[in-house]
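Chains as they are written, first to last, in UniProt numbering: chain W, 1 to 422; chain A, 1 to 155.
Careful, some of the hints might be misleading.
Claimed, not checked - Straight-line distance between alpha carbons at most 20 Å, and here's what the computed PhoX-like set of lysine-lysine pairs gives: (1) W:371 / W:280; (2) W:421 / A:104; (3) W:385 / A:152; (4) W:371 / W:314; (5) W:194 / W:216; (6) W:276 / W:371; (7) W:277 / W:389; (8) W:244 / W:276; (9) W:308 / W:260; (10) W:385 / A:150; (11) A:104 / A:85; (12) W:421 / A:152; (13) W:201 / W:227; (14) W:280 / W:245; (15) A:150 / W:421.
Claimed, not checked - Calculated Cβ distances over 12 Å to all of chain A for the following chain W residues: (16) 42; (17) 45; (18) 174; (19) 193; (20) 205; (21) 238; (22) 298; (23) 324; (24) 337; (25) 342; (26) 367; (27) 376; (28) 390; (29) 391; (30) 404; (31) 407.
It should be emphasised that the hints constitute simulated quantities derived from the structure, not laboratory data. None of the values given here were measured: they were computed from a predicted structure. By construction, the Cβ of each residue, glycine as well, lies at the ideal position given by its N, Cα and C atoms.
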Amino acid sequence: MFGIIDCNNFYASCQRAFDPSLEGKPIVVLSNNDGCVIARSNEAKALGIEMGTPAFQIATYTKSVGVQAFSSNYTLYGDMSDRVVAAIASMVDRYEVYSIDECFVDLSGYEHYTKDIYEYAWMIKERIRRWTGIPVSIGIATTKTLAKVANRRAKKNPAYGGLYMIQSKTEIERALDGFDIGDLWGIGRQYVRKLKEFGCKDALHFAQQSEAWVAKNMTVQGLRLLKELNGQPCYDLELIPDRKKAICTARSFGELTQSKDVVREALANYAANCAKKLRKEGSIANLMTIFLHTNQYREQDRQYYGHKTIHLPKATSFTPDLIHSAHQVLDMLWQDGLNFKKVGCIVSGLQPEEHRQAQLFTDIDWEKEQKAMRALDTVNGWYGKDTVKVAAQGFGRKWKMLQERLSPCYTTRWSDLITAKC
Amino acid sequence: MNWASVEFFHLNTQTKEFYPLSPLPIAAGFPSPADDHREGILSLSELLIEHTASTVFAWASGRSMEGAGIYDGDLLIIDRAKTPKDGDIVIAFVNGEWTVKFYKKQGKAVALVSASQYYEPILPQPDDEWQLFGVVTFTVRDHGNRLAYKRKGGL
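Chain W with its partners taken away, still in its complex shape:
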């Protein structure tokens, strides 16, 4: 049996975990640069606040009904996500972290520990809540696709208490009846349109089609979907995460800029961040893409969207080399007099660092670089991000994100811990 554990309104719940006074109040989380709403508590949903609502509109809600808005605090969310996964890992051997707030688990066999699987899942749910303060919903079924359907049911109907299990044929039919095809796990928009054209009114209708019909009209993916919906598993947990194909760091500027110095400094920081991520997963990159663009919504501005990919002189994760290359590409892309909105760095063509080909340069260089980077990462690990950095990363931070409503990093910074009165 598969389960999908899904954190309820994850970002909003993280904000609440260390500030219980937010319980029962409408809260929203804003995108990078405090642009628009990317997460809402149930109370905020009930007020009719939509995803993507611009932040300035939220200000009116704040005045009238007390909606609290937060800048996104990915440091906090990332740490809380790790804690949720650790709580899950303390109860199941096989699990697949699917996203920051979702995790598939294999529940087979755990019925022996309790009355049944349902009760074991209930214990997992309670443990996560207790250990981390994050409420979750769990859907259980024989396939991952049906588990997702069950999860939606668990969320939609409060009577289920956040846990729903699909077992029998009748339960499958009941769950799929009226279930929108577009809400199925992993179905593309193309297929949704196609199936609707064929007259499939809901997931149940689709599940009742013959394999021959599906094979004729859809690809093998469609066939798998059909089987999964009928309770025959086609997808197992993906236990070994794929080596990332590319690493990207890009942000919009706090305010539009024409200054090359500002853009250079921001880009140096993004390249340094890519380098750090590369080292963390033991990879080196062969390719680098830099992109730079203006704000397409400002019709009064001349528009520009530049991007360029280069082969790096040698596959590397060495911060100074990556910054140097990034600046070279920026020189090629740069145009004076434009209001730039965003710059970004993507490294790709990744390979494990131990597969590094014999270089023209001696290995001593490589070892020196590695030693320096290890020292850099260690110092920054101890004393906080960017304690030691390359001079090109600068101190100006004019390009920095707007995060005017940032909440404390309650679990990762000594200065941000809660204070308890005694």
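Based on the hints, put chain A in the right spot on chain W.
Then chain A, alone, in the frame of chain W:
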């Protein structure tokens, strides 16, 4: 005997095998007799934290728990996985504030009691907004000023 040709070997007592010592960069030029006995450094996290996932830190502020050995500025280590027993020190959110108190059972009700006669016990009422957060398992006191410095965001 020609000292230049002397080689040192370790005897592994379990496998009864000798193996040559690699030259170690020790100033004295002589291999450390402790090399075979290293066990790694002691980790305070390992000692003080049972479940990393459910452990949260907080700063203590105020004097009502001095009788229990908790002083202003101490670091509190809190385990949310633990169920509080009568007499445990807990952290709770009561009427908009985090507070550290003794957890005392009074029949079916719960009282949050200070370790000082000058502070009244808190008896959470049904309509009070309150939440039990976790059990304080350890406190860390600084006898210099590093914690205070950290708390202010210093390196």
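Hint check:
At most 20 Å may separate the alpha-carbon atoms for a hinted pair to count; residue 371 (chain W) and residue 280 (chain W) meet this at roughly 14 Å. Restraint check for residue 421 (chain W) and residue 104 (chain A): satisfied, since their Cα atoms lie roughly 18 Å apart, inside the 20 Å limit. Our distance criterion of 20 Å between C-alpha atoms is met by residue 385 (chain W) and residue 152 (chain A), whose separation comes to about 17 Å. With a CA separation close to 18 Å, the supplied pair residue 371 (chain W) and residue 314 (chain W) stays within the 20 Å bound.
With a C-alpha separation of about 13 Å, the suggested pair residue 194 (chain W) and residue 216 (chain W) falls inside the 20 Å cut-off, and the hint holds. Distance hint between residue 276 (chain W) and residue 371 (chain W) is fulfilled; the C-alpha atoms sit about 14 Å from each other, no more than 20 Å. For the suggested pair residue 277 (chain W) and residue 389 (chain W), the alpha carbons sit about 15 Å apart, so the restraint of at most 20 Å is met. At roughly 14 Å between alpha-carbon atoms, residue 244 (chain W) and residue 276 (chain W) fall within 20 Å of each other, so this suggested pair holds.
Between residue 308 (chain W) and residue 260 (chain W) the alpha-carbon distance is near 17 Å, which keeps this suggested pair within the 20 Å criterion. With a C-alpha separation of about 15 Å, the suggested pairing of residue 385 (chain W) with residue 150 (chain A) holds against the 20 Å cut-off. Proposed proximity of residue 104 (chain A) and residue 85 (chain A) is supported: the alpha carbons are some 8 Å apart, at most 20 Å. Only pairs whose Cα atoms come within 20 Å are accepted, and residue 421 (chain W) paired with residue 152 (chain A) is accepted, the gap being roughly 17 Å.
Between residue 201 (chain W) and residue 227 (chain W) the alpha-carbon distance is near 18 Å, which keeps this suggested pair within the 20 Å criterion. Between the alpha carbons of residue 280 (chain W) and residue 245 (chain W) the distance comes to roughly 14 Å, so the proposed pair stays at or under 20 Å and holds. Distance hint between residue 150 (chain A) and residue 421 (chain W) is fulfilled; the C-alpha atoms sit about 19 Å from each other, no more than 20 Å. The Cβ of residue 42 (chain W) sits about 18 Å from the closest Cβ of chain A, beyond the 12 Å cut-off, so the non-interface label holds.
Remark: the non-interface label on residue 45 (chain W) is consistent with the geometry, its nearest Cβ contact in chain A lying 22 Å away (cut-off 12 Å). Its beta-carbon lying about 36 Å from the closest one in chain A, residue 174 (chain W) satisfies the requirement of being farther than 12 Å from that chain. Separation of residue 193 (chain W) from chain A is adequate, the least Cβ-Cβ distance of about 43 Å exceeding the 12 Å criterion. With 12 Å as the threshold on Cβ separation, the claim that residue 205 (chain W) sits away from chain A holds: the shortest Cβ distance comes to roughly 43 Å.
The non-interface label for residue 238 (chain W) is consistent with chain A: the shortest C-beta to C-beta separation is roughly 22 Å, beyond 12 Å. No Cβ of chain A approaches the Cβ of residue 298 (chain W) within 12 Å, the least distance being about 37 Å, so the stated non-interface status holds. Once the 12 Å rule is applied to beta carbons, residue 324 (chain W) is consistent with being away from chain A; the minimum gap is 28 Å. Every CB of chain A is more than 12 Å from the CB of residue 337 (chain W) (nearest about 40 Å), matching its label as outside the interface.
Listed as outside the interface, residue 342 (chain W) is consistent with that label: its C-beta sits roughly 30 Å from the nearest C-beta of chain A, beyond the 12 Å cut-off. Remark: the non-interface label on residue 367 (chain W) is consistent with the geometry, its nearest Cβ contact in chain A lying 16 Å away (cut-off 12 Å). With a cut of 12 Å on Cβ distances, residue 376 (chain W) stays outside the contact zone with chain A, its closest approach being about 16 Å. No beta-carbon of chain A is positioned within 12 Å of the beta-carbon of residue 390 (chain W); the least distance is around 19 Å.
The Cβ of residue 391 (chain W) lies farther than 12 Å from every Cβ of chain A, with a closest approach of about 19 Å, so its non-interface assignment holds. Listed as a non-interface residue, residue 404 (chain W) keeps its Cβ farther than 12 Å from every Cβ of chain A; the least gap is roughly 19 Å. Residue-level check passed: residue 407 (chain W) sits 15 Å from the nearest beta carbon of chain A, beyond 12 Å.
The structure agrees with every numbered hint stated previously.
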